[in-house]
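Asker: Residue-level listing of the chains:
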Amino acid sequence: MLPFGAPGLDQALPGGGLALGALHQIHEGGPRGRYAASAVLFAGGILARLDGPVLWCLHSRDLFAPALARVGLHPDRVVYCETWRDAEVLPAMEEGLRHRGLAGVVGELTRMGLTPSRRLQLAAEGSGVTAFVLHRVCGGEAAEPEPSAARTRWRVSPAPSDMDTNRHLGRPRWRLDLQRCRGGAPGSWIVEACDAQGRLAVPRLLANRPAAPERALRRAAFR
Amino acid sequence: MRQDGPRRVLAGIDAAARRAGLRPGMPAARAMAMVPGLHLVPAEPEADAAALMRLGLWCLRYAPLVALDPPDGLLIDIAGAAHLIGGEAALIADLFARLERTGLCARLALADTPGGAWALARFGPGGIVPPGGLHAALSPLPVAALRLSPEVVAALREVGIERVGGLTSAPRAPLRRRFGPEPLLRLDRALGAEPEPLAFLTAPDVPQAAARFAEPVSSPEVLERIVAELCARLVPDLERTGLGARRLDLVFRRVDRLDQAIRVGTARGSRDAAHLARLLTERLPRIDPGFGIEEMTLTASRTEPLAERQLSGAVLGQGPAIADLATLIDTLRLRLGPERVYRLSPVESDLPERAVRRVAPLSAPSGALWPADLPRPARLLDVPEPVTAMAEIPDAPPLFFVWRGARHRIARADGPERILSEWWVADDEADRVRDYYRVETEGGERFWLFRDGPMEAEGRWWLHGLGEA
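Order-wise, the sequence lines are chains A and B.
According to the working numbering, the stretch in the first sequence is residues 1 to 223, in order.
According to the working numbering, the stretch in the second sequence is residues 224 to 692, in order.
Okay, chain A solo, but in the shape it has when bound (with noise of 0.2 Å):
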């Protein structure tokens, strides 16, 4: 178990944090899910909270590992492999969830079945390895969300930044939705994204509030 530190988050996951040695689905909201750049951080920010290596299986050339470090996750943590089709990164993610001194798997798919997630959620179970998917959407809206056995599915999408700064940039932000979650409550929060230790935070003015609406967000955004 892993708490988030943010209070609101953590009284949603069922025993006060995010189950180690199980499967997560994180979702990119927002228009460049096929990015899922703020996935990448979200994971990436977790995993920098665990200890020993991680075996990060890539979908394209574009991940950036200096974005990972700068969330807490040292390169020399972490292995690569280049799985470029849905099709091997699942095995190579299975094979990775086998082996107890990893802290992490993570996986970039466009889309997984149930069968393959009841694969990883066993494999994890099986060591105690922590697994996550990130979802790259290939083109247009993400589609409706498959069934999974995934211990919970969260949607990460950008949330614009403090106000206060006159047109500077303050720390990101995230809205994040956990949409599923076997045995807590689905919930969204506005938090800021992971500092250097990979820990997210609430912000001063949102505190223990939960997130607006989309309307009334873009409404204070054009303000």
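To be clear, the hints were calculated from the coordinates, so they are not data collected in a lab.
Possibly wrong hints are sitting among the right ones.
To be verified - FRET-style restraints, in silico, Cβ to Cβ:
id, chain 1, residue 1, chain 2, residue 2, range
1, A, T110, B, P420, 45 to 51 Å
2, B, E438, A, T115, 56 to 62 Å
3, B, D618, A, P147, 49 to 55 Å
4, A, Q197, B, S589, 53 to 59 Å
The beta carbon of each residue, even a glycine, is placed where N, CA and C say it ideally should be.
Please build the complex by placing chain B on the supplied structure of chain A, with the hints as guidance.
Answerer: For chain B alone, coordinates are given in the frame of chain A:
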């Protein structure tokens, strides 16, 4: 120069002699008349044979199956071994470069059959013939390329058959009646219609385990069991000598003498019998047992000293974890190819696309990091994409940009972070300046844009990265 009856003839020549018009087999007296001051030395066939044997053993580094083709040829069966070096073309290039460095002048050819490769190396252009292209590649060669005796070549010439293509198009029955079985057998072997057994070398003085069977075996389950058994027998050998296997060769001797082999590599020396057996078993489906296999030989063809206990890694993980990681890496490399499993390490370069370098997955942790104060995108496009952007004043971030037909209004931005070109790396980078801006759209999405020159100089805008940490 060698003695041929009463005459002395040239046995072998160097490149300079070839340029001067000399050829092997030429009488020595004529050669000396053609090239005054010619330096002749007696031929030493025994020394040549010994050198060829040494070269053959050295070639075991490329593949487990190497056969001698005296007096001056080697046949290497690279099936199932080229993946460890990075493919067929890389293997050929590496072999050629190493031979050249030792002063050996070599002609290399790679083809589906030993006979085809022989013909192309000696009579053709050499190089790699793609699978199925052998027929077309051999057709224009002279019939002597089929390893025929000079008498048969002369007899064929009498009936007007000079090229291999002429032989393939001639009716077979009359050919056999007139010239005996030799031309057709050689032709069929070169084209792969008839198999060609070769006598392969075995490396001396390396850890080895062999199994011979009274009844030929062919079922996959039995082969799998024997692989496990051979590994278990090899490991005590390695333990005694303090070695770990970096490369294993498993040679299958078939009833019909058509040997096959598999070769696997490990990321670090290993004495883990179960792990080694698993690596070999993964490749077993590539072996065609034919009518059965009567002998299997497992060789640790490359080894390295290995301490009694596996060393522990510092940053990568705790002690047992790293040994475990090595087995994982071996399996993935075998499946995907060795160059597709790696770690990334920082490079001191201002250019983002040069800031990362691949290192071997188990190389010692460097501890190095990129500068901590520079925010970087989570995704970096391989090739920056052009965007249309508008800035109010020079050096100010843009107000909006259009990327792939979509317009993005910029709500917040930071920059520029000026990155100078590395003119000492490439000439065409001189005078190139990139001004990077981190921008956030109204929806909160972050992008990494740059302008490839000052606004006055009409610098264009590019999108280079997405997301930010």
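Asker: Each of the hints needs a verdict: does it hold here or not?
Answerer: We went through each hint and held it up to the structure:
Separated by about 48 Å at the C-beta atoms, A:T110 and B:P420 satisfy the suggested range of 45 to 51 Å. Hint check: B:E438 to A:T115, Cβ distance near 41 Å, so the stated range 56 to 62 Å is violated. Checked against the hint of 49 to 55 Å, the C-beta distance between B:D618 and A:P147 comes to roughly 52 Å, which is consistent with it. At roughly 21 Å, the beta-carbon separation of A:Q197 and B:S589 lies outside the given 53 to 59 Å, and the hint is violated.
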